[in-house]
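Residue numbers (my numbering), protein chains in the order written: chain A, 1 to 462; chain B, 1001 to 1322.
Quick caveat, the hints were computed from the structure, so don't treat them as lab data. Be aware that one or more of the hints could be misleading.
Said to hold, decoys possible - Derived BS3-like pairs: lysine-lysine, alpha-carbon spacing no greater than 30 Å straight-line:
hint: 1; chain 1: B; residue 1: Lys1272; chain 2: B; residue 2: Lys1306
hint: 2; chain 1: A; residue 1: Lys84; chain 2: B; residue 2: Lys1225
hint: 3; chain 1: B; residue 1: Lys1259; chain 2: B; residue 2: Lys1162
hint: 4; chain 1: B; residue 1: Lys1306; chain 2: B; residue 2: Lys1064
hint: 5; chain 1: A; residue 1: Lys285; chain 2: B; residue 2: Lys1087
hint: 6; chain 1: B; residue 1: Lys1306; chain 2: B; residue 2: Lys1296
hint: 7; chain 1: A; residue 1: Lys246; chain 2: B; residue 2: Lys1306
hint: 8; chain 1: A; residue 1: Lys72; chain 2: B; residue 2: Lys1087
hint: 9; chain 1: B; residue 1: Lys1296; chain 2: A; residue 2: Lys271
hint: 10; chain 1: A; residue 1: Lys72; chain 2: B; residue 2: Lys1225
hint: 11; chain 1: B; residue 1: Lys1093; chain 2: A; residue 2: Lys72
One letter stands for each residue in the lines below.
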Amino acid sequence: MPGVVEAPAGVPLTSASEPLRRFLQAARGAGLRVSAAEGIDAVRALDVVGYSDRAVLKDTLGLVLAKTPDEKALYHEAFDLYFKHEALSADKDGENAPGGDVNSPPQGSGNALSQLLTEDDRAGLATAMEAAGRESGIENIRFFTQKNLYTRRILVHMGLHAVEDEVEALRTGETQLGMDRAALLESRVARLRDTVRDFVERNMLLFARGENEQYREALLKSARLSNLERRDMERLRVLVRQMAKKLAARYAKTRRRRLRGHLDVRLTLRKNMGWGGIPFVTVWKQKRIEKPRVMVLCDVSGSVAAMSQFLLMFLYALNEALSDIRAFAYSGSLIEVSDILEKEPVEQAIHRIMDVIGFGSSNYGNALADFEDGWMEFVTNKTTVIILGDARGNHNDPRIDILARLSQRSRRIIWLNPEYRTMWGTGDSDMRRYAPFCNVVTECSTLRHLERAISDVLEGAN
Amino acid sequence: MDNARNSSSPIRPLQSIEEVDAGLGAAGYIASRPISTAIYLAHHLQKPILVEGPAGVGKTELAKSVAAWLKLPLIRMQCYEGLDESKALYEWKYGKQLLYTQILKDKVGSVIGESDNLAVALDKLHAFGDIFFSRNFLEPRPLLRALEQPGGAVLLIDEIDKSDQEFEAFLLEILSDYQVTVPEIGCVTALVPPIVLLTSNSTRDLGDALKRRCLHLHIGFPDEKLEARIIASRVPDIDVRLLKQLVSFVQQLRALDLKKLPSVSETIDWAKVMVLMHIAVLETAVVRDTLNVLLKFEADIEAAEKHISSLTHKAQREAGIA
């Protein structure tokens, strides 16, 4: 099939690929990541299958553009939405309508518009609206606050000014006929306005949804977790899982870093004894990399509970990158919660934990003492201890001595404090006194902080 | 860039999507329309297809059927953690290379001859072709073999998600240009670009670079009609009414909350069991006895057992048996 497979430069941006280009933009707007290369693939693929069969068209673009199940779902939605809306505007003669002659209706010809309005020619109006939309760059709409702006722009492009002038002229003419006509035109214009607003909303759905999501996510990642509202929780959970997945993948990569390169002379000779020492089979030195063992101590007293939730969620989402997690929760006293977390999905488990021990007033000394009694013996020089808490022990004895012993036994202690750094050591905060025994003390109040802290835990293991 | 390559292809160009449909059907694979479209496009655009979907929906089977239909050799590479290029692409025949050096040592006198000084001897040695790193000593592994098939091939890279991320990067060259670079020899380009299928169970996310080079085909569980056709083609002895019940039952089972949903391959197995046991009508007792063919987890069987009778009755109703 000569000519099908052409260099990118050879793909002409003819009017036939114009609807495709617009669809690609709609697809991007819906949240699909479509690279330029994939765009070119789409053009090539459509050269092969043609535009005539809608079902084949849908399958084809789906194969080329959407590359995960999530993206497939988004794609199907975007495709249906886009072509439903193309169908509204398309001329009767099918396929070349969207790109071809729609641009021809002269813009700003008020007479044409008033004629369309009087005749109530819906198809004509829709076509004109589509063209005006294109000229006013509707595909660049991003925020719902721009809705009125674009509605107005489209109406002006369609020739609203001329119609308004005409209405004005008819009214000043003061003939009964003119008044009737003016009233008719006005009511039609009002209806047109609604239609256009609808059109703009549809376009916003089409082109801007993905961007809004991204914007919102970026915001959530860097917002203080204690300030977040309930309705964002679901989205945050998804985000946490995504971040953990990314981290796990990156970590797995460094862990499996290529180890070939150092010949193990002793083993090679041993293995090749049978061939008289001629090295047919080579043996390479392997370095064992241990997965970090983690013990997490989470403050679940009222002040820090929100943060603890996310830390636990994060760690359990990271399960594959860690060899052993033991989780403890404390407020007044300390209990182990690993069992609860393993048996139930994290979201429910966290509720259970909060019911059992959460929201009390914290007593760090007591909690540390509990830990020493029950679990200190399990801490080895491979254990990373993560403590999450604001170190506000309500003026109880902070038991610095236990933390000192813990720091000697463990590989390292990482303290995550959700308070601003400037607040540390003020009032009943013992942070400054605990700090010398921790390897890392860091402020941790947003998802980004959390991601960074945990990425440190993983990297420190290598 | 591809015209020459295309015309040298002995694979007859496919005319239409319907032809793919019919061809796969003849090879015993009932394809849904997206599947046929994918094969058709892969052939014309010369792009690999990444096939994702739950286990047992016929991802690997698709590659086999394409090979059978086009009468091309199927070269299969099973991926696993730790797979590297010496197992996937090529390996030097170390033993033979060593033998070669031994022979060379013996023959070095005759090669160099009666040279008076070192410079002349070295010149002669250089003039003698160096075949230590040459194709003769190359042991081709699946990927290289696929490129070297004179008549084209179907290359199946199975369960790519099981391999390491580095291995993915290493596949990129072969996927986009149908060539591999062997550092000692140079570039080996495909005689005829093979049809490449990669399968994945999505146990991990594949890299964007890999996905960008592939068409992405997602095969989900088939709908009732398609599944019935698949079973009918795989288990031809089955009674039509039993087939209807089977399929309806399995489709309902998939709506339950199970750890591992029964797949097409399980339905086929179940149908075979029914035929072997000479069962004409699906009844609660029979289902209870054979449920372990469909469901592979104890917890799933327990969960499903409660619903068996209602599902069976519904299946009977739908098949027109009171």
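These are the hints, each one checked on the structure:
no.: 1; hint: Lys1272(B) with Lys1306(B); result: holds (24 Å)
no.: 2; hint: Lys84(A) with Lys1225(B); result: holds (27 Å)
no.: 3; hint: Lys1259(B) with Lys1162(B); result: holds (21 Å)
no.: 4; hint: Lys1306(B) with Lys1064(B); result: violated (38 Å)
no.: 5; hint: Lys285(A) with Lys1087(B); result: holds (19 Å)
no.: 6; hint: Lys1306(B) with Lys1296(B); result: holds (16 Å)
no.: 7; hint: Lys246(A) with Lys1306(B); result: violated (40 Å)
no.: 8; hint: Lys72(A) with Lys1087(B); result: violated (34 Å)
no.: 9; hint: Lys1296(B) with Lys271(A); result: violated (42 Å)
no.: 10; hint: Lys72(A) with Lys1225(B); result: holds (22 Å)
no.: 11; hint: Lys1093(B) with Lys72(A); result: violated (45 Å)
Hint compliance for this structure: hints 4, 7, 8, 9, 11 are broken, all remaining hints hold.
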